[in-house]
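Listed below, chain by chain, are the residues.
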Amino acid sequence: MSRPKALITVAVLLLTLNLVHAIVSEVTWENHSKASSALIESIGFSGLTVSSECTATRNPILEPTCACLGDLPGGYCYHLSCGIVGIPVVEEQLDQIEVIDQ
Amino acid sequence: MKNRSRRFQEHINFLNYAMDSIFTYKARSIAIVFSLMIALMVLGSIAFISDGLTKEAESSANFAPDITIQYLQAGRQVAIPMEYAQQISQISYVSKVVPRVWGYIYYHNRIYTVMGIDAVKMPIPKDIGFVMVSGKFLQPNDNQTAVVGNYLAKVFDLETNDILVLYDQSQQPHNFTVNGIFSMDVNLYTSDLILINLNDSRNFFNVSAEEATDLCVYVEDQTQTRYVAQQIAQSSPDARVLTREALKDALVTTYGARSGFVSVVWYILLLSVILVAWNQASAVSEEAREEVGILKALGFSTSNILEIRLLEALILGFISASSGIFLSVLYDFYLGAPVIRDFMLGWAAVYPSFPLPILISFSTMLTLYAVALFPLFVGSLIPAWKSAITEPDIAMRGS
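The listed protein sequences correspond, in order, to chains Y and Z.
Per my numbering, the very first residue in the first sequence carries number 1; after that it's consecutive.
Per my numbering, the very first residue in the second sequence carries number 1; after that it's consecutive.
Please keep in mind that the hints were generated in silico from the structure rather than gathered at the bench.
Hints may be right or wrong, so weigh each one.
Listed below are the simulated DSS-like cross-link pairs for lysine-lysine, each with C-alpha atoms no more than 25 Å apart in a straight line [to be verified]: (1) K34/Y with K154/Z; (2) K26/Z with K5/Y; (3) K34/Y with K96/Z; (4) K154/Z with K136/Z; (5) K34/Y with K126/Z; (6) K248/Z with K96/Z; (7) K96/Z with K121/Z; (8) K386/Z with K34/Y; (9) K26/Z with K34/Y; (10) K386/Z with K26/Z; (11) K34/Y with K121/Z; (12) K26/Z with K121/Z; (13) K248/Z with K55/Z; (14) K126/Z with K96/Z; (15) K34/Y with K55/Z; (16) K136/Z with K126/Z; (17) K121/Z with K136/Z.
Since this is a predicted model, take the numbers as computed values, not measurements.
Full structure from sequences and hints, please.
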């Protein structure tokens, strides 16, 4: 196979792989939302447990990844020095969970 | 017809020549493909995660209550008096008002969410069992029982029927039997969640029966949601009225790549690639000038040479974009986006741990291809034009 033909083959192969991944992803998302919808309907609304709210919220660079809705359940902050729904930074907070195996 | 076929063949020949040129100027081609590929990989990885988060947040908001009411004091959310629920339920078109009591508890300086719902009044669908990996969802008559998230169950090695002891703010223990564990499918919402009945939650958080954390309002006619929201806002100016649409807008803004980090990375990478393309195209232009002279002497026009150069840019851009996007798919989808994943999940205290939602959408993919091709065209156009307009005798003499 000549080099130009090899180049075209690789490019087409990569494009096909990318498109296949996009199709799989889109189809998976269509079905995925059914589980989320049943849960959200049952408990009301709950925030995603991923982002954080802190002084970075006012930082235009970090805003999209750090901003959140702190007044929603699960919308708390992971940032250690945050004072909004903060994890205490002065002293250790007492643990509030224990498990008794049955 | 014959003329058209000849023209088509001419363009094919230019394409073949452009592909040969890519191998002739190897150093330039590698520099452009490598820089663009890395740029696209980083950009694609962030864009796919950002799309996933936005899509997840947006689709979840579609199933939120029509209106969520919170009570504000000094600009902060505090418990809402239950008399508001009675007032709101009297507004026309309001179907029902359901209180929730929720809050946070700590374990090893990490926060977990305890949420109390009214299992009788909440619109729990019949297929709720699909979101459980074991046990069952909260039942109306269950007392001192809890349904917990999959991640939380793994952290505490919890199984159904285990006893979960939660200590309230005054360190008094409250025992809950684990009746169910949510599946991984809803981990993004439930990884830190302990779901209990409303009365148990009131008891645990010491919230009286006259108060709730927030109110879920359901409207009979969806078209009247705005009217109902306006009525609530007018009658209760100290309430925060969150319609489903407002919630969706806020979430999309929060998780979207509208501004900030993603955009900044995007612009920096775009600029870098334009500079690389410009630099490389200019560097080879001296070498290519002689080639242009020969081509022109053989009868190639300026537009023919420009077409060849732009086809080169197109092919390089296409290969760079395809390989960059493919690497970002591998990085996000199969490797779980290490480093970027930690950054997107949290800050100094990275928690919890679960796969990020990743959406590889056609629109983002098209945008990434466009982003790869645009800077190459811009970066190659002027050097290509300068090279193409050179007179053949000057080009061949090299002066």
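Given the hinted pair K154/Z and K136/Z, is their Cα-Cα distance within 25 Å? Roughly 17 Å between the alpha carbons, so the hint for K154/Z and K136/Z holds.
Would the pair K26/Z and K34/Y pass a check requiring their Cα atoms to be no farther apart than 25 Å? violated, 50 Å
Just to be careful, I want the Cα atoms of K34/Y and K55/Z compared with a cutoff of 25 Å; is the pair within it? With Cα atoms ~13 Å apart, K34/Y and K55/Z stay inside 25 Å; holds.
Does K34/Y pair with K96/Z here, judged by a C-alpha cut-off of 25 Å? holds, 24 Å
Please verify whether K121/Z and K136/Z have alpha carbons no more than 25 Å apart. Holds, at roughly 18 Å.
Within a Cα-Cα threshold of 25 Å, do K34/Y and K126/Z meet the stated pairing? holds, 12 Å
Does K26/Z sit within 25 Å of K386/Z, going by the straight-line distance between their CA atoms? Between K386/Z and K26/Z the Cα gap is close to 21 Å, so the pair holds against 25 Å.
CA of K26/Z to CA of K121/Z, is that 25 Å or under? violated, 69 Å
Starting from K34/Y, check that the Cα of K121/Z is at most 25 Å away, please. holds, 21 Å
K34/Y paired with K154/Z [C-alpha distance capped at 25 Å]: Cα-Cα ~24 Å, so holds.
Given the proposed pairing of K248/Z with K55/Z, does the C-alpha separation stay at or below 25 Å? holds, 10 Å
Could you grab the alpha-carbon distance between K126/Z and K96/Z and see if it respects the 25 Å cut-off? holds, 19 Å
Of the numbered hints stated above, those contradicted by the structure are hints 8, 9, 12, listed in ascending order.
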